[in-house]
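Given these sequences and hints, build the entire structure.
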Amino acid sequence: MQNTMKESDPILEVQNLFASTDNLPILKGVSLTVYPGEIHAIMGRNGCGKSTLSKIIAGHPSYNVTNGEIKFSGENINSLEPEERSQSGIFLGFQYPIEIPGVSNLEFLRVSTNARRKFLNKEELDTFDFEELVKEKLELVKMDHAFLSRSVNQGFSGGEKKRNEILQMALLEPKIAILDETDSGLDIDALRIVASGIKKISNAQTGIILITHYQRLLDEIEPNYVHVMADGQIIKTGGSDLALELEKKGYEWTDNFVKET
Amino acid sequence: MVEENLVKDVVKEPYKYGFVTDIETEKIEKGLNEDIIRLISHKKEEPKYLLDFRLKAFKKWQKMEEPDWAGLGYKQIDYQDIIYYSAPKQKEKISSLDEVDPKLLETFDKLGIPLTEQKKLTNVAVDAVFDSVSIATTFREELAEHGVIFCSISEAVKNHSDLIEKYLGTVVPASDNYFAALNSAVFSDGSFVYIPKGVTCPMDLSSYFRINSGDSGQFERTLIIAEESSSVSYLEGCTAPMFDTNTLHAAVVELIALDDASIKYSTVQNWYAGDEEGVGGIFNFVTKRGKCLGKRSKISWSQVETGSAITWKYPSCILLGEESIGEFYSVALTNNLQKADTGTKMIHIGPKTKSTIVSKGISAGNSINSYRGLVKMGTKATGSRNYSQCDSMLIGDQASANTFPYIKSQQPNSEIEHEASTCRISEDQLFYLQSRGIEFEEAISMMVSGFCRDVFNQLPMEFAAEADKLLALKLEGSVG
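Chains A and B supply the protein sequences, listed in that same order.
The working numbering numbers the first residue of the first sequence as 1 and each following residue consecutively.
The working numbering numbers the first residue of the second sequence as 1001 and each following residue consecutively.
Any given hint might turn out to be false.
[What the hints assert, rightly or not] Now the in silico label distances, taken between C-beta atoms and shown as ranges:
id: 1; chain 1: A; residue 1: A146; chain 2: B; residue 2: E1415; range: 29 to 35 Å
id: 2; chain 1: B; residue 1: M1461; chain 2: A; residue 2: A146; range: 21 to 27 Å
id: 3; chain 1: B; residue 1: R1424; chain 2: A; residue 2: N78; range: 25 to 31 Å
id: 4; chain 1: A; residue 1: G155; chain 2: B; residue 2: Q1398; range: 41 to 47 Å
id: 5; chain 1: B; residue 1: R1424; chain 2: A; residue 2: T66; range: 26 to 32 Å
id: 6; chain 1: B; residue 1: M1461; chain 2: A; residue 2: N203; range: 31 to 37 Å
By construction, these hints were calculated from the structure, which means they are not laboratory data.
Glycine residues also receive a C-beta, built at the ideal position from the N, C-alpha and C atoms.
Right under this line is the structure:
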């Protein structure tokens, strides 16, 4: 199966990426290639650079890429603004979704969806048509309509915030979704809802990168590849069994790999 | 709701009201003295009591000192270097709009305020003021059928002298403050509204103030009287051309509400603010005050202040009548080197009076934006209540925001509640919106309109949309 997939072009290619913030090096040569239909998991200790990698792919202004490149659909995107990356189909699910007081969730979702639709040369949706679309997507994450009239993420519980992220993913229909610890802070029921949402949204054309500490999300969504990160590098790559082994042996086990390299 | 594309278009535009109308004007010589005041009064064929009112105000003004407590630090105004009367030349008596100079009609057309019969706004009556004089007032006959008087104040002096004599200067006395005294001495025109007993004004009334000359000040005076059980919603808009000199605007607005009457007064102020280096712009020193004279009367101010180099303005309510209500909803946005010192005074005199203050200040660039407000409970204001909420939003790290709430209570059986907050648009919030495909400036304007929502909800529909656009426009290039 994996061989046939590789006959198509990769969605995302991260090549020997070095990045720093405030002159502090965080990524020290990360390479990662994602093909359509693939699910990748990235695991590793806190501070190993997982979240930084996801933010850099999304275009966060606080980080400087000092070497290497990020290609999306074959194009170098190093100089693109975050909004341009989003419009072209890169989605970052935030570990800590940001609260935006005063801005209604519905309006936010609509403006965001229309920005993506405009890029795709699709007709932009007015309030009424958007209501229809969003109603359908709410089902996927089992969210109540009332969430739409509240301010973006304001006063949402941890689980509600994460479901709101998946709702955004469902509306934006990205080509690649990077989900940064989407499973953290979720109880088992919420985890199942989120996982089933992700599965329903993804298809043979999309790529997914799951950043996680835990096996339990990977029980719900089985990855094709598992990467272990430490100190700004991917130190080991394997299949889904690597995650199971990691769960058993802990990160201490991976410390040996660092020593080897 | 913000129409996204509209905002994007607007964001790219510079100050679009900065044009000058090339029209022959009648100006009197520069300077201020008794003769000038007599000349203004004579030109307007005023009765003696009004000339006396002006001269008395002038004497008071001469003895007063220009206030500096707001610490606005503007350059000294030379009051002898201002022209106090400037009017476009036209026929002596104009009986219909057809006789108004087409250039003037065109000017207001360009400002989005069409005045001619075919094009006039359908649901709003407009009084258009150009420099020192009122040009035209629409829908007068229709309003007259309901007994509503809506005309220029000069006309009211001629035709409704009894009302002017009875009420002018009763809310803002001539000696109230430096700029009110100056206005009382030299005011040239403005709007007059009278709503008779029991009448709900059938449409919104509005005044549009246009300063065209660079060297003349605008000193308009507005008087609104709402008789028992009547109600009216009044809108006010202002623009001016771009000059590299500062133009003085010192207006006085007086509102009077009798038993069970209600007046809603909304302003969108977009005077020219000066350029990025702070050159030019209007000095806006305005005294606005309403008197809730009657029982259960209500006066509600809402304002969106985006223009002027300097704004000094405190629309206030004197709550005399039992159970009367005062409201103040304000959005003040400053950018570049603008300075705004604005707020309100709620003076609770009668028992069971209520007031609400919601103020949202947004400072960007190197601007200074201050809320200054007074809540006073008098000895007889038993069971009275005030609620104040003052929020500030900072954009960038060079702007400043201040809150100066003054509270004076002489009545233990009353409640005063004050909440204040300051926030800054964070990089994380911007990144979050951007990472959802929303462009930088649109992200800012979304957050700003979100911040202002409580106030925008109080504005009449057409104003709310305009206010939203205006804020987006003003914030162009303010960040990053």
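Hint check:
Taking 29 to 35 Å as the suggested C-beta distance range, the pair A146 of chain A and E1415 of chain B conforms, at roughly 32 Å. Range check, M1461 of chain B to A146 of chain A: about 26 Å between beta-carbon atoms, so the 21 to 27 Å window is met. R1424 of chain B and N78 of chain A have their C-beta atoms about 29 Å apart, which keeps the hinted 25 to 31 Å range intact. A hinted range of 41 to 47 Å is violated for the C-beta pair G155 of chain A and Q1398 of chain B, which are about 32 Å apart.
Between R1424 of chain B and T66 of chain A the C-beta distance comes to about 29 Å, which sits within the given range of 26 to 32 Å. At about 44 Å, the CB distance of M1461 of chain B to N203 of chain A disagrees with the hint of 31 to 37 Å.
Of the hints listed earlier, those the structure fails to meet are numbers 4, 6, in rising order.
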